[in-house]
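Visitor: Chains A and B are the protein sequences, given in the same order.
Under the numbering used here, the letters of the first sequence match residues 1 to 388, in that order.
Under the numbering used here, the letters of the second sequence match residues 1 to 393, in that order.
Just a few of them, taken from the derived set where beta-carbon distance is under 10 Å, the chain B residues facing chain A: (1) Gly34; (2) Arg67; (3) Ser106; (4) Ala107; (5) Gly117; (6) Thr120; (7) Gly172; (8) Ala205; (9) Ile267; (10) Thr279; (11) Tyr281; (12) Gly323; (13) Thr338; (14) Asp346.
Computed beta-carbon distance windows for the label pairs: (15) A:Arg16 with B:Val289: 18 to 24 Å; (16) B:Asp52 with A:Lys150: 47 to 53 Å; (17) A:Pro70 with B:Pro92: 40 to 46 Å; (18) B:Ser231 with A:Gln46: 45 to 51 Å; (19) A:Val297 with B:Arg6: 38 to 44 Å; (20) A:Leu80 with B:Val224: 53 to 59 Å; (21) A:Val297 with B:Val289: 23 to 29 Å; (22) B:Glu387 with A:Ser12: 21 to 27 Å; (23) A:Gln192 with B:Ala205: 27 to 33 Å; (24) B:Pro126 with A:Arg256: 36 to 42 Å; (25) B:Ala234 with A:Ile258: 36 to 42 Å; (26) A:Gln192 with B:Ala161: 33 to 39 Å; (27) B:Glu207 with A:Leu80: 31 to 37 Å.
From the derived model, a few chain B residues whose C-beta atoms are all more than 12 Å from chain A: (28) Ala9; (29) Leu12; (30) Ala89; (31) Arg141; (32) Pro165; (33) Asp220; (34) Leu305; (35) Ala314; (36) Asp332.
Just so you know, the hints here were simulated from the structure itself, not pulled from any lab data.
None of the values given here were measured: they were computed from a predicted structure.
The beta carbon of each residue, even a glycine, is placed where N, CA and C say it ideally should be.
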Amino acid sequence: VFSLRFLPLVWSMLWRSRVRTWLTFASVLLAFLLFGLLRSASDFFQMGPRLAGASNLMVSSRYSLAVQLPLGDRDGIASLPGVVAVVPVVLFPSSYQDARNTVMVDAVEVSDFFHHDPRLDVDEAALVAMQRTRDGALVGREVAQRFGWKVGDRIPLQSRVPRKDGGRSWEFQIVGFWHLDEKRVGRLPALQTFVNYAYLDEARLFDRGTVNFYIVNVDQPTHADPVSAAIDARFASSAAPTRTQSEQSFKLSILRRIGDVGLIVGAILGAVLFTLLLVAGNTMAQAFRERLAELGVLKTIGFSDGTVALLFVAEALLLVLAGAACGLGLDALLIPQLFKLALGAAAPMPVQTLLAGGATALAIAVAVALVPAWRARRLSVVEALAVP
Amino acid sequence: VKAILRLAAMNLRSLPGRWSASLVLVVSLAGVVGVMVSVLAMATGFQKVFADGARPDRVVILRSGARSETESQITRDEADTLMALPGLAPAPDGSVLASPELYYGSALPRRGSAGEGGLTIRGVGPKAFAVRPEVRIVAGRAFKPGLREVIVGAAAQRSFAGLEPGRRVELGNVAWTVVGVFESGGDLHEMEIWADLATAQSAYARENTSTITARLASADAFSVYKDAVTSNPALDHEVMRERDFYALQTESTSRVIEAFGYTIAGIMALGALFSAVNTLYAAVRARRVEIATLRALGFGAAPILLSVLIEALALVLLGACLGGLVAYLLFDGLSTSTIGGDLGSDVVFQFRVTRGLLLQGLLWAVVVGLAGGMPPALRAVRLPVAEALRAQK
Chain A
1 VFSLRFLPLV WSMLWRSRVR TWLTFASVLL AFLLFGLLRS ASDFFQMGPR LAGASNLMVS
61 SRYSLAVQLP LGDRDGIASL PGVVAVVPVV LFPSSYQDAR NTVMVDAVEV SDFFHHDPRL
121 DVDEAALVAM QRTRDGALVG REVAQRFGWK VGDRIPLQSR VPRKDGGRSW EFQIVGFWHL
181 DEKRVGRLPA LQTFVNYAYL DEARLFDRGT VNFYIVNVDQ PTHADPVSAA IDARFASSAA
241 PTRTQSEQSF KLSILRRIGD VGLIVGAILG AVLFTLLLVA GNTMAQAFRE RLAELGVLKT
301 IGFSDGTVAL LFVAEALLLV LAGAACGLGL DALLIPQLFK LALGAAAPMP VQTLLAGGAT
361 ALAIAVAVAL VPAWRARRLS VVEALAVP
Chain B
1 VKAILRLAAM NLRSLPGRWS ASLVLVVSLA GVVGVMVSVL AMATGFQKVF ADGARPDRVV
61 ILRSGARSET ESQITRDEAD TLMALPGLAP APDGSVLASP ELYYGSALPR RGSAGEGGLT
121 IRGVGPKAFA VRPEVRIVAG RAFKPGLREV IVGAAAQRSF AGLEPGRRVE LGNVAWTVVG
181 VFESGGDLHE MEIWADLATA QSAYARENTS TITARLASAD AFSVYKDAVT SNPALDHEVM
241 RERDFYALQT ESTSRVIEAF GYTIAGIMAL GALFSAVNTL YAAVRARRVE IATLRALGFG
301 AAPILLSVLI EALALVLLGA CLGGLVAYLL FDGLSTSTIG GDLGSDVVFQ FRVTRGLLLQ
361 GLLWAVVVGL AGGMPPALRA VRLPVAEALR AQK
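With these hints in hand, go ahead and build the complete structure from the sequences.
Guide: Below, the structure written as structure tokens:
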């Protein structure tokens with residue numbers, strides 16, 4: 001019914017009204033530019049839970065993330081069956097040179113942390129150096145690139161945490177870099193810097209001997225639930241009861257408390273796509289009205305009803321897909337720069353954003369072509385040619 | 001002028017005949033304004049819940065470098081020194097109007113829905129009620145020092161289960177008795193639970209306090225007090241006006257929301273501009289015979305130009321009002337919450353669709369209408385009269 005040799009015909013139909021085609025194209029482009037931006041933001045936002053390790057548990061205070069746990073709990077957790085490693089974590093937000101240059105620093109037991117997280121890639125030599133260097137820092141590859149740091153550099157960081165002498169300037173010696181395993185998590189920037197828990201805890205003025213939370217590694221994912229229950233039972237009647245969650249639900253609960261980003265993005269995209277449907281639908285409806293006589297001629301010279309209908313579908317597909325491709329293409333160029341602006345390191349547009357964008361474009365093209373295609377199919381030659 | 005008005009009125013009356021193209025423009029504008037107003041209403045409401053309680057003669061004292069109450073710690077000696085410096089308002093008993101406070105996080109089951117929410121327990125000094133005269137006990141009584149008694153904010157009582165006076169409540173492994181409910185003019189403290197400072201310190205084994213909130217002798221005494229703090233070598237603390245302290249708590253979040261809202265609305269406005277051009281070109285096409293006839297009758301360029309622009313403005317303003325109305329009906333006063341900067345507490349706030357935001361939406365619409373209406377309006381004026389009339393046949 002429809003073959004590629006009709007493409008030149010579709011093409012010339014498209015350019016019948018130049019201004020309108022360009023304006024519609026631009027509207028489609030802008031709508032998909034927005035689609036890419038919003039979906040990337042929300043996909044990126046939800047990446048933490050999606051990439052969470054199945055064998056990792058997070059142990060925090062039962063009451064609040066703002067309440068610390070004692071370091072003494074570590075041995076109690078480690079003695080439970082199924083527990084492979086217990087890593088104490090202290091959040092140590094800092095900045096480099098300028099308060100706006102945020103550096104995310106976590107104080108952890110570095111070798112335990114890296115050995116039990118397959119998502120992180122690091123040279124064994126760097127881990128050994130980290131153990132030898134009390135004030136060592138293992139820096140995320142992309143952070144090091146941003147500030148031009150090299151192994152052996154001593155870097156001064158401003159922190160909100162005071163040292164024993166009351167000062168807030170901390171100096172660390174860079175012993176190596178780590179990065180994320182591309183095969184496991186995709187191309188994402190490594191933005192954290194790790195320092196030794198033992199060094200930081202001894203050198204800080206307040207809260208010595210406490211952690212913000214523990215990361216617990218279990219021997220197999222199926223043991224995550226029983227081990228969580230055992231940890232919480234172990235400390236239920238202590239001075240600091242715990243709440244143990246899988247890494248995924250821990251991250252999800254924080255995202256949920258930040259706000260329903262998915263719902264906000266969905267509502268905005270709903271408004272954008274509804275408007276686009278009207279814009280493109282109106283264009284197609286106008287195209288149909290202007291073209292009645294031509295359609296009559298096409299049918300007279302032997303075009304079947306189906307072919308005439310498909311001409312409209314092809315026209316809508318061409319217009320919408322071209323606009324969507326340009327919009328999403330612009331996103332692919334823009335989004336890494338936006339990430340760089342927001343996080344200090346570029347990250348590519350998530351692949352699932354691209355797939356969702358393509359599917360949406362197809363759906364919209366079909367939806368706007370439906371009515372004119374159906375009417376073109378039903379149009380009788382007499383009726384069409386009767387139009388003055 | 002009369003001719004212009006009559007022409008514009010005639011044109012607007014013919015709008016229903018071109019409803020489908022016009023509808024596209026109206027909906028485009030409704031989308032732009034609706035999205036912009038709703039997103040910015042979120043930022044406005046978030047700032048307002050903080051800013052509401054601020055007083056010019058009140059200061060918050062934190063350890064230098066701390067950006068929130070959880071990050072700050074002040075030792076007892078430091079607190080004594082800080083409260084002895086000049087600039088603070090005197091209290092009738094010879095001390096000053098200052099309340100050292102301990103900030104502690106806890107979680108309670110939310111009322112009506114599953115899950116827990118974070119809330120703040122604030123141990124307050126004996127002068128807390130004089131420092132914050134807006135705080136009123138509306139049910140029950142105040143806590144007694146030395147007893148494990150708390151008073152709860154009215155908003156906290158509404159949000160969390162089991163906070164009625166007389167009930168026992170477990171907060172961070174310590175059992176307290178609720179003895180009263182307080183209001184503080186709708187500000188953030190209404191989401192908190194208050195206890196006596198010394199009692200809270202012993203209950204949670206804390207030697208230090210987090211911050212000090214104090215009243216200045218007058219709003220002008222700020223620099224006197226701040227200088228006294230910064231010039232004291234024994235201290236490493238920061239004095240902030242309450243308003244500035246709250247702005248610090250909100251700035252990063254509201255900046256993100258605002259940047260988000262303006263970016264989205266900006267791109268959508270550009271799209272609406274294209275809709276406007278498209279719609280009005282179609283309108284001019286539909287009216288070309290009418291326009292040519294008017295020109296032939298001797299109407300000048302200006303009334304024609306204006307009639308197109310007025311059509312543009314009518315449509316965009318209709319769309320903007322629609323968008324603003326939908327945003328107002330759906331979101332104004334809608335309660336939502338986000339996580340506090342310390343990860344411990346949740347900030348509950350309402351969307352605020354203010355008159356300023358709605359006016360801003362209308363302004364955007366006017367800009368889009370004029371910019372998008374101009375090319376078609378110029379086309380209408382330049383329309384060759386004879387040709388247009390001939391096309392009629």
